[in-house]
Structure formats: C-alpha cells, structure tokens
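Okay, here's what each chain looks like letter by letter:
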Amino acid sequence: MTTTSAPTTTPAPETASERAFDRFRVPGGFALGAVLLLAVAPLALSDFRLALLAKYLCWAMVAVGVSLAWGRGGLLVLGQGVFFGLGGYAMAMHLKLADAADTGVPGALPDFMQLYGTGEALPWWWAPFANPVFALAATVLLPMAVAALLGFFVFRRRVRSAYFAILSQALAAALAIWLVGQQATTGGTNGLTDFQGFFGYDLDDPANQRTVYFIIAVSLLLLMAAARQLFVSRYGELLVAVRNSEERVRFLGYNPANVKLVAYVVAAGMAGLAGALFVPAVGIISPALIGVVPSIGFVIGAAVGGRGSLVGAVLGAIAVAWAQSTLSDAFPAAWTYLQGLLFVLAVGFLPGGLASLGAVVRRNRSRTRTGTRSGEAA
Amino acid sequence: MTVILNQSFTGISIGAVLLLIALGLTLTFGQMGVINMAHGEFIMAGAYTTYVLQESISSAGVSLLVALPVAFLVAGAMGALLEWLLIRRLYTRPLDTLLVTWGVSLMLQQLARDIFGAPNVQTRAPDILTGNIAVADGISLANSRLFILGLALLSVLALTLVLRFTPLGRRIRAVVQNRDLAEVSGIATGTVDRMTFFIGSGLAGVAGVAITLVGPIGPTTGTNYIVDAFLVVVVGGIGQLKGSVITAFVLGVLQSVLEYSTTVSVAKVIVLVAIVAFLQWRPQGLYTLRTRSLA
Amino acid sequence: MIGEGLTIRGLRVSFDGYTAVDGVDLDVHPGDLRFLIGPNGAGKTTLVDAVTGLVKATGSVRFGTDEGDGTELIGKPVHKIARLGIGRTFQTATVFEELTVLQNLDIAAGAGRGPLTMLRRRKGVPDAVAKALETTGLTELRDRPAGVLAHGQKQWLEIGMLLVQDVRLLLLDEPVAGMSHEEREATGELLQRVSEDSRRTVVVIEHDMDFMRAFARSVTVLHAGKVLSEGTVAEVQADPKVQEVYLGRARDEESTAPAAAGPPGEKPTPTPTASAQEA
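Protein chains in written order, with our numbering: chain A, 1 to 378; chain B, 1001 to 1295; chain C, 2001 to 2279.
To be clear, the hints were calculated from the coordinates, so they are not data collected in a lab.
All the given hints hold, so there is nothing to weed out.
Just so you have them, the derived chain A footprint on chain B, three or more residues with Cβ under 8 Å:
#1 1087-1098
#2 1109-1120
#3 1269-1276
Positions of the beta carbon are idealized from the N, C-alpha and C atoms, including for glycine.
Start from the sequences, fold in the hints, and give me the full structure.
Following this line, the structure appears as structure tokens:
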C-alpha cells in the first residue's frame, strides 16, 4: 500500500495521509502562486519588468497545454505556434480594425494595408473581426477548430505518433510561409504591430498595461486550475492509458482518437488564448513568433521544467523565456548554444525535467523508470 | 503545354533534391525509427565542405567531384558521432530523439555561423553545369538540375545495391526486421546502427553538395529542407526506398505545378492538406512492412 | 440468431495474398468454454483478431446476447465491437504500465461513462472493481503501477479488466502461457466459474494440452486456416484427421511418440508436461 514506489507520473495518491497532504498541497500551492503573481510581482517589479513577465506568462500558458497534450497524452505537439498565431492574429486584426475605426474616417483601412495593399476594400475575411465578441471568441475557437480538423483526420487513422509530430510541425511551417506571402492582408514578415487601443483603453498608458498583466496572470491561473482538474480526473487517467497502449484502450470500448483529440484541442485553445493576450502585452504578432522554431521553443520550457508536472512545465517555460530575453541580446551565440544544450540535457538525460530531479535523486537509481515514455515506442 | 512541361521538369528537379535528402532519412528514420532533426545540418555540412574545397581547389569541376566523397565522409562521420554520443541512448524514445537532435541542430547552426559567418555564401558551379540543354522549342533543361537528377538516381541505385547485395546491407535489414534475433545471431547491432547512421548521414552530405548548385548556402540551409524531406518519408512509408523515390518526385511536381497556378505559400498549404488526405487512405505511408505486433 | 452467442460464417482473412483464415464456420453458445487449438500458423490468433476488428476480414461474424439481436461485427471499428460486450486478452499481457492496478480496472469498467463523469475525479472504488480485485487476488497490489507486476499478475489483471468490462464474449489468447502449475489451475478454475454464467461465452486459444484437457468443454481444431475438427475433447482426440495432422508432424519432429492418443503439443518441442502425458 505504499505509493513511494510509484513512478512520478502516477496521479491521485491513494493512501489517507498522502490524500490529506494532497488536499492541502494543491490549494496551498495555488494560493501561493496567486499571491506571487497578483500581489508580489506587481508591487516589486517596475513597469518594464512587469511587461516582460506578462510576455513570459503568455508562453507559460502555452506550456500548460503542452503539459496536457505531451506530458500526459504523449502527443508531441510541435506546431503550437500555429494556434498561438491564430489567437494572436485574431486579436491583432480586431485591434487594427478598431484603431482604423478610431481615426474617424469612414471605411478606413488598417495602416499597413494602406501602405502595402491595393488600397481597395477590406478583405472579406477581415470584416467579421471588427466585431469584438466575434474576435474574442475566435481567439480561442479558431485554434480549437483547426486543431480539431487536423486531429480528427490524423488520430482517426492510426497514424504513427512520430508522423503526428512531423505533420504538426509542417503545419507551423506552412502557416508561417503563408502569412509571409500575403503581405497585403497579413502584414507579411512584419506581422501586425503598432496597436493604439485595447477595447477602448489606451495601450500606451502604463496603468492599462498593468491591467493587461493582471488579465494574463489570472488567465494563467485559471488555465492551470482547469488543466489540474483534467490531470486528476478519470479522463486524465484514460489519457495516460492511451499513451501507454492505444490499442488496448480500443479493446476496452473507448475510441482513443477522441481521447487524444480532446487533449490536443484543449491545448490548442490554451495556446490561442495565450497568443491573443500576447498581442496587447507585447504589441506585435508576426510569422517569426509562430513558425517551426518558436513552436519547438514552446516545448522546450515544458521539457526543462518537467513535461509531466504542470507546475514544472509552467516554471520551466518562464525560466527559459527569462533566460532567452536576458541572454539572447547580450550573448546571442552563447544563448543558442545554451538552448541547444538545454534540449540535449533536459530531454536526453532528465526526461522528467527539473520537476523529477528530486524524485530521481531520492530513488538514487534504485528503480528503473518503468514509465519513461514507453507508449511512444509503438 | 510548354509551360506544363517546364514546370514538370522543375518539379522533377525539386523532387531530385528532396529525394537526395530523404534518402538518408529513409535509412535513419525509415529503417531505424530515429527522427534526426540534425539531418538538415549534415546537409549544411556537405554544402560548406563544397565551399571550403572550392577555396583550395581552383577548378570548380574538380572541386565538385572531390567534394562528393569528402562531404559523404564528413557528414557521415558527424552522423556516426551523433549516434554514438546521444542517439543510441534514446532508441526506445523516438519522440525525445527528435527534441534532442533539434538541440544538436541549433548548436551546429551556431557553429556554422561562428566559423563561416551568418550571411549566405555562393559557390561557383563548373562551366559545364551552368548552361542549358534545349530539348525542344521553348523547353530547356538546366545542366545543373540534370546533374542533380543523375546524382539522386545514382545514389538510389548505390544504396539499393548496398542494402541488397553486401553483407553490411544484409545486416542492416536483419537488424531492422528483428533486432533481438539479429543480436543473438551474432550481429553486433550497435556497430550496424552506427554504420546505418554513417551512410544515412553521408547521403545528407552528398545532398549538401548538390544544393550548392541550386543557390547560395548558409547556416540555416538544411533546416529549410528538413520538414519537406520528413514529409517525403512519412508519405513514402517506413523503410522502403521505392516509396521515397516515388513520393519525392510526386511532391516535387505537385509543389511546382501548384506554385505556377497559385503562389508558393498557397502551394505549401495545399501539399500539406494533400498529405493529410493521403494518410487517411494509407496511414502507414505508400509502402509498409506488415507485422503482426500490436499497434 | 437471438441469444445464440458467437456465429461465424465463411470468415476469410488475407494478408498480401497469404490467406491466414480460409472460410471458417464456427458456433459458440453462451455457457460454453471453447478451446481453439491448432499448429502455429493455423489462424487462431488471426481469427480472434478478425472477430475483434483488429484485422480486415470478409464473411460474417455475428454475436447475439439475450438482450439483443445478433449484430454483424465485420466492418465495425474495434472500440464499437468492444462496446457490444466483446473483450479479449493478448499473448503478451498488455496493461497500462504507468497506471495503478486500480486505475487499470477503473478504466476497463468505464467505457460507458458520460463526459461529466470522465471530467471528475474518481471517488473511492467502484463495486465492480472491488469485486474484480478480490476475484483476481490483486487487492493488496491495487496501488502498485501495473508495470511492476509479475507476468502472471499482469495476465490476471487483464482477466480482471475483462470482468469489470462485463463482457459477454471473452476471447483469451494463451492466458496461461508462462504461468506456474498452481497459477494455471487457479486460472482454469476462474475461467470455468466465469463461463458457468449462462450469459457468457468464453473462447480460449491455448497451446497447453494439459490445460485444454482439464478445462475445455468443447474444442475446435484449426489447421491451415480451416476448421479441421470440432467436438468434445474425447471426440477431437479420436478424430483421424486430427491425428493425421498432429501425428504426421509429430513423426517428423519427434520419433518417440508413435501412439500418442491425443494431439501433442503443437510447438515443435512439446512442453515437458505435455510429452509426459502422451508417453
């Protein structure tokens, strides 16, 4: 009846004492995180640093989804940039249209369209984004719809897990190339930038930037709470079962395609929301933020912190983003080497990430890690 | 009609480049199940090898011919080293291999930037490869493209012969089909893995030589091709050369014809959609080895 | 065909031109404990694969319970067939290694759960799961990850998973392979108990002839993808066709068993217990 021998990924401790500890630990940790994010950080950090933190938290929101889909479900999602980008562009298009409407000129086009475009009417697919409700819904629903479409077709047939990883990556490449190619309607390589207002509030006002930070921090906490619920639910156990042996799950009467689809679509929605909030916080969305390279970047944070641990993935994403911002300007070459080394060391030699370091040391190599990615060998 | 023929030929030559790149992946990904993202950097290594040799050998023709075997050895050695250092520890975790080798790929790109500088460099093509051959009225074939096509087909032939008729080829196939049985039959599977990786990565080096004829090369040269090349192997099927050959040319022609009728970016999206649709029909790719094991 | 159990007509499975199952007709009624035997390559596992939807097949496979009409299974996806109350085990025990024994059983019990139940945390141990833990003797181990169980325990967990699934047709692929003598006895008794429930139909693929003789209620012999013989253990052992197939092989491979009364172990080297029985 001991759970000490359980692999680190086993959820839901069963002994009475552990359950009591669990009951205290999770809300306690959540409250601590909330205090840090909502009280300590805004008081302790300058406006500039708080804005940087807002950016890192957006990436951490993507990592929450990665932790669900990859950490729990074993789905290597290498194209999260697509969903981050769809959410970001949906938001950016709305802000651009709102800015254009604010100029007071009837039928004014967003500034970049006047610059690169043919100067004609707004493209039809831009028009609905003028409506704030539509745009907000689209930031989450559009990525979820795209994920559902791709996931449906890929998971329905028993396409190998490696194929899924490559296809999701190809999707990121295709979207980035498409965006670059449509300069007149998407801003091309420059992306969409230079936003004035955010639903009626001036984005240049530091007070409003703080509000954006609070929205992002609360969103991250909510996403973590939702993911936590999924992790410990029966669905979470089923997701691990699918990762272990998809075929066996089928013979129990479940359709594993649906199980995977839920994780993938939820992760996509989370990335979409992150992208949408990234736009007012950072002031830009562009192909360089969503292509193949940043898409893999979304995974590395989760890998370093611990793909199977929600908190680990979030902290890992924040830490990697912080290291990147701090080092990449001062020592671009050194940062690239370090980033490469992080992939090699974290994934290759510590698959549970930093979150598993304690457990690994405690076990002191006395046990083989039965759980280590056995499901992916199929 | 002329346009279609010209586009088709462009497509075939794109396919030839894809094939050269995918050929190595057919070995390392197809036969061994290793998703090696650093494969693109082995291409880059082959391309820079050509560049370096051209600096020391004045004749462009001679340096190109010398570059082929040298690039094969350089890239092959890098691949064997990578296999020995990292990949052999990760055979049971194919998806993790992808991320680890991506890290290696980042480092190799930076290394190239530190050695050769960030801007792209251009190699000189030998005079014989700079011209065109006029086939018919309005249709002309670039010599360099014909050379690449020939090189790709030659590589396929050589690889087929090695796999089919040499003791090494037999061992590679034995290890792919049943690793445990091969091991107890006295095959040093570790050595075979390393040799497979050497050949697969070496072929990437040869592909690198070929793409110096297509355009300038830079630190990210390999990355630009790698996703497409993986798609070729995915569609072609696991461990089957003929699948990769057919797929490379079909995708090349499809991409080229679509680019002509739409735009480059739209063509990319359509090709991806076509691939997902194809996998509905053949989830394991064009050709596949049937096994009875579960999943 | 209402409530008639498993009815197979003209079942055919081909892989790339090789016909593994070649026109099999088979009826197994509820309450039966049917053993499928035959040499390696006879098509036993492929037949089970076809019934459970793992491989494509032609012909007809129907399964009728007292509640429902016989439903055609050919062409249905695996998980829909499973939901009709058809469960199977595999030659190598396949359990969810990272989940605990309890979680394995809970998942097996829950294919019909609605989305709201799925999104909530499991509270306590469902009755069916507790019962299966007891039946399989795994209660003590319920919080262990299934990956650390011994081979025999994994097999029992798989059978436990079928029990909580409340399947009406159990297809077991070599359930006692690698088990000790005591474990075999216990497994056989468990299978007999399970099949005594007149709603259940049990089909067992087995290589162990002792086990077959001890527990089979009826036997079907497959050979080269076709049904060679069918009946009680005694009838099948007396069938000259069966003797020819088995003894022909036995004479080539094992010169010391000319007068074996029953089918010897079909593996080229019979297990020690099997050859002792036949000598």
